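**Student:** The residues making up each chain are set out below.
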Amino acid sequence: MLYREAGDFKTSYTADSQTFPIRFDRFAYYALLIAAFAVVPFVIDNYWVNAIFLPFLIYSIAAIGLNILVGYCGQVSLGTGGFMAVGAYACYKLMTSFPDVNIVFHIIISGGITAAVGVLFGLPSLRIKGFYLAVATLAAQFFLVWLFNRVPWFYNYSSSGQISAPTRTLFDVPITGSHTAPWAAYLFCLVFVVASALIARNLTRGMAGRKWMAIRDMDIAAEIIGVNPLKAKLSAFAVSSFFIGISGALFFAVYLGAVEVGEAFGIEKSFLVLFMVIIGGLGSIFGSFAGAAFLVLLPVLLKNVLVGGLGWPTDLASHLELVIVGALIIVFLVAEPHGLAQLWRITKEKLRLWPFPH
Amino acid sequence: MNHKLLTAVTATALVAGPALADLTIVDLSYRTGPYGANGVPFSDGYQDYFTLLNERDGGIGGEPIDLRECETGYNTEKGVECYESTRGDGDGALIYQPLSTGITYQLIPKASSDGIPMHTMGYGRTSAKNGAVFEWIFNYPANYWDGASHAITHIMEENGGDISGRKIALVYHNSAYGKEPIRTLEKLAEKHDFELMLQPVDHPGQEQKSQWLQIRRERPDNVIMYGWGVMNQVAIQEAVNIRYPMDQLIGIWWSGSENDVKSAGAAADGYKALTFHNLGSDYPIYDDLQEYVVDRGEAAGSGDQLGTVLYNRGMYAAMLAAEAVKTAQEMHDVSNINAEQMRDGMENLEMTEEKMADLGLPNFGPEFSVSCENHGGAGFGAVSQWDADAGEFELITDYFQSDQEIISELIEADSQQYAEENGIEPRC
Chain A
2 MLYREAGDFK
12 TSYTADSQTF
22 PIRFDRFAYY
32 ALLIAAFAVV
42 PFVIDNYWVN
52 AIFLPFLIYS
62 IAAIGLNILV
72 GYCGQVSLGT
82 GGFMAVGAYA
92 CYKLMTSFPD
102 VNIVFHIIIS
112 GGITAAVGVL
122 FGLPSLRIKG
132 FYLAVATLAA
142 QFFLVWLFNR
152 VPWFYNYSSS
162 GQISAPTRTL
172 FDVPITGSHT
182 APWAAYLFCL
192 VFVVASALIA
202 RNLTRGMAGR
212 KWMAIRDMDI
222 AAEIIGVNPL
232 KAKLSAFAVS
242 SFFIGISGAL
252 FFAVYLGAVE
262 VGEAFGIEKS
272 FLVLFMVIIG
282 GLGSIFGSFA
292 GAAFLVLLPV
302 LLKNVLVGGL
312 GWPTDLASHL
322 ELVIVGALII
332 VFLVAEPHGL
342 AQLWRITKEK
352 LRLWPFPH
Chain L
182 MNHKLLTAVT
192 ATALVAGPAL
202 ADLTIVDLSY
212 RTGPYGANGV
222 PFSDGYQDYF
232 TLLNERDGGI
242 GGEPIDLREC
252 ETGYNTEKGV
262 ECYESTRGDG
272 DGALIYQPLS
282 TGITYQLIPK
292 ASSDGIPMHT
302 MGYGRTSAKN
312 GAVFEWIFNY
322 PANYWDGASH
332 AITHIMEENG
342 GDISGRKIAL
352 VYHNSAYGKE
362 PIRTLEKLAE
372 KHDFELMLQP
382 VDHPGQEQKS
392 QWLQIRRERP
402 DNVIMYGWGV
412 MNQVAIQEAV
422 NIRYPMDQLI
432 GIWWSGSEND
442 VKSAGAAADG
452 YKALTFHNLG
462 SDYPIYDDLQ
472 EYVVDRGEAA
482 GSGDQLGTVL
492 YNRGMYAAML
502 AAEAVKTAQE
512 MHDVSNINAE
522 QMRDGMENLE
532 MTEEKMADLG
542 LPNFGPEFSV
552 SCENHGGAGF
562 GAVSQWDADA
572 GEFELITDYF
582 QSDQEIISEL
592 IEADSQQYAE
602 ENGIEPRC
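In the order they appear, the protein sequences are chains A and L.
Using the numbering used here, the first residue of the first sequence is number 2, and each one after it goes up by one.
Using the numbering used here, the first residue of the second sequence is number 182, and each one after it goes up by one.
Hints should not be assumed to be uniformly reliable.
[What the hints assert, rightly or not] Here's a subset of chain A near chain L, in silico, CB distances under 7 Å, partners left out:
no. : residue
1   : S13
2   : Y48
3   : S160
4   : Q163
5   : A259
Note that these hints are calculated values from the structure, not bench results.
These figures come from a predicted structure and were not determined experimentally.
The beta-carbon is built from N, C-alpha and C at its ideal position, and this holds for glycine as well.
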């Protein structure tokens with residue numbers, strides 16, 4: 002009923018291989034984009050932006066980045082927190098060294114710098130695989146956090162080691178700093194999210210993505226059919242780190258405004274993003290969004306229900322939150338090991354046949 | 182309110198929202214996470230004092246206090262969420278006391294542009310003492326740099342006023358908090374000609390073998406510690422393990438609670454810690470607390486923290502906030518003050534011995550006054566020592582002032598840098 006495909010004919014390859022081949026999906030997607038760009042900015046306030054939308058959007062970019070590496074190319078990485086820190090510190094150094102350059106370029110260049118660092122730490126992936134690679138990237142995590150804590154040049158010799166984002170504007174509208182309007186911060190991040198998702202989607206269904214997936218499925222076979230593992234793996238590290246760097250830069254500059262590397266980009270962050278990717282669904286762009294939504298929104302929702310709604314003590318609620326989120330992760334993964342994206346895919350299949358499944 | 186909307190969507194509760202037009206005080210607490218053991222007593226003390234005012238006096242100046250708690254877990258992202266969900270518009274929160282240097286750094290620009298005062302008592306950004314630049318931030322009665330100077334002054338007094346050639350180690354939490362005193366100590370090292378040795382400990386601080394091995398090898402004459410949470414316990418245990426003399430180990434006020442020393446047992450006897458308020462439960466106010474709060478079953482948490490160091494500190498913070506409310510009420514001649522009036526109250530706060538005695542807290546803290554230029558008080562502190570047999574910290578010195586000459590110079594430089602970076606025109 003909802004997914005009627007009758008009469009929805011494809012007459013060209015382009016039409017047949019588009020991202021949303023079903024018309025209903027396509028319209029839902031357009032409607033979502035219009036709502037996100039044209040409706041939400043007018044109705045959100047500080048609470049919605051700072052507690053819900055910004056973390057969701059920024060973690061979505063990080064999850065997309067990590068999904069390219071883990072989900073599409075099969076290279077397990079635990080260095081996400083470290084790479085986000087590279088993005089954040091690169092952005093800080095650029096913002097303070099070149100105050101006249103627009104913040105958009107700073108963020109994109111931060112992504113580029115992170116990509117370079119990612120390639121460097123991706124080099125071991127040519128020799129080691131699986132869990133061993135995870136441990137190697139863990140080294141990146143610890144090394145990078147140590148570096149940013151240790152070398153005062155990265156935090157401009159401030160006495161506390163904190164970095165804080167100065168006010169920067171785009172078209173005379175402040176994007177970072179304390180005078181940022183909620184809609185400005187939201188729209189700024191939204192543009193980056195949409196662009197990242199489009200780029201990621203088109204990379205993963207093109208030649209680059211097919212090479213990554215070939216490496217993921219069986220690297221020796223991929224090499225035999227002519228995929229260069231050096232190029233494929235390192236490009237996956239580069240692209241993944243680029244997105245993670247952008248998310249780190251946004252996380253620091255737009256969302257928090259001031260960070261301390263050990264607290265904001267510790268090992269917990271690496272695990273959080275990895276969980277998002279696993280729960281959302283490996284090898285799926287939609288899964289990155291679903292996973293980020295699950296792990297960002299659920300704790301806030303639970304807190305509001307338990308403390309704001311039921312008036313329970315905050316410590317009890319906070320402990321229960323961990324229990325509930327943990328239990329739900331297990332339930333979801335038992336019910337569907339391929340994540341929320343697969344659940345959604347199955348639901349869609351059923352909806353296409355509903356209400357006459359035979 | 183938006184989070185209410187979310188709640189309504191889930192249709193789990195249909196409770197009416199809290200009454201408006203009260204004095205809203207927000208307690209950003211952390212009862213969970215790696216620093217929970219220290220967050221609980223502070224939050225209990227903070228809340229119990231306001232509960233006492235509500236139960237005994239019907240609030241402050243006849244205006245009831247609406248106390249809201251929000252759990253941050255010492256996590257900056259949750260701290261931001263808490264701030265946004267509690268600050269309200271116009272008639273919202275009067276004052277924030279986040280008890281976390283990380284969250285403080287986050288909230289300084291936000292609170293300043295939203296016009297909500299923040300009191301970071303003995304923590305946070307030290308240069309916020311310069312009220313000309315940090316209009317909305319207060320850190321009286323003492324700050325991290327005062328603490329560093331207190332420790333050095335105490336060591337000097339112990340050694341007849343001359344510490345040249347001594348080796349002093351700083352064991353610190355490798356974060357904004359722990360790094361704060363380094364510059365002050367470097368300046369003091371120049372002035373008094375001692376050698377400074379730095380030993381960072383990474384969050385959360387459960388692993389300190391290598392740092393204390395280093396200390397065992399280099400044998401510094403004194404160790405100053407800037408730790409928090411589990412880091413304190415581990416450090417004191419490690420110091421015991423290498424048989425470091427306890428009376429040469431001085432912790433900042435955040436490293437001097439019962440939680441920190443009890444796990445090391447009798448061997449921790451003699452450990453010193455700084456403080457900027459008095460200790461113990463031998464005050465008239467404790468009778469009222471018992472009568473109006475504990476006996477009525479209104480105590481925050483499990484009610485077993487009364488009289489501990491951090492409980493007293495939370496109570497002290499609440500007392501200073503309540504006195505600022507009173508000052509503001511007198512200044513503006515309204516009982517239901519707003520955040521801007523609260524700021525005026527804090528800026529004109531004057532703590533005298535008579536005031537504290539009237540409140541049932543005689544000789545509880547140093548006397549100080551706040552002004553437009555000086556948001557940090559006079560920088561008085563004292564040294565306390567752990568008595569393992571009695572199971573309590575005891576003051577072993579009077580309140581003494583920190584080296585204002587060095588500190589005010591550093592504060593001037595750091596706050597000017599902040600003003601330049603953020604385009605702030607100094608006020609007074």
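**Student:** Hint by hint, note whether the structure agrees.
**Tutor:** Now the hints, each set against the structure:
Hint on S13 (chain A) is violated. Least Cβ distance to chain L is approximately 43 Å, over the 7 Å limit. Given the 7 Å rule on beta carbons, the hint for Y48 (chain A) holds: about 4 Å separates it from the nearest Cβ of chain L. The beta carbon of S160 (chain A) is positioned within 7 Å of a beta carbon in chain L (closest approach about 5 Å), and the interface hint is therefore held. Nearest Cβ of chain L to the Cβ of Q163 (chain A): about 5 Å, under the 7 Å cut. The hint holds.
Checking A259 (chain A) against chain L: minimum C-beta separation of about 4 Å stays under 7 Å; hint holds.
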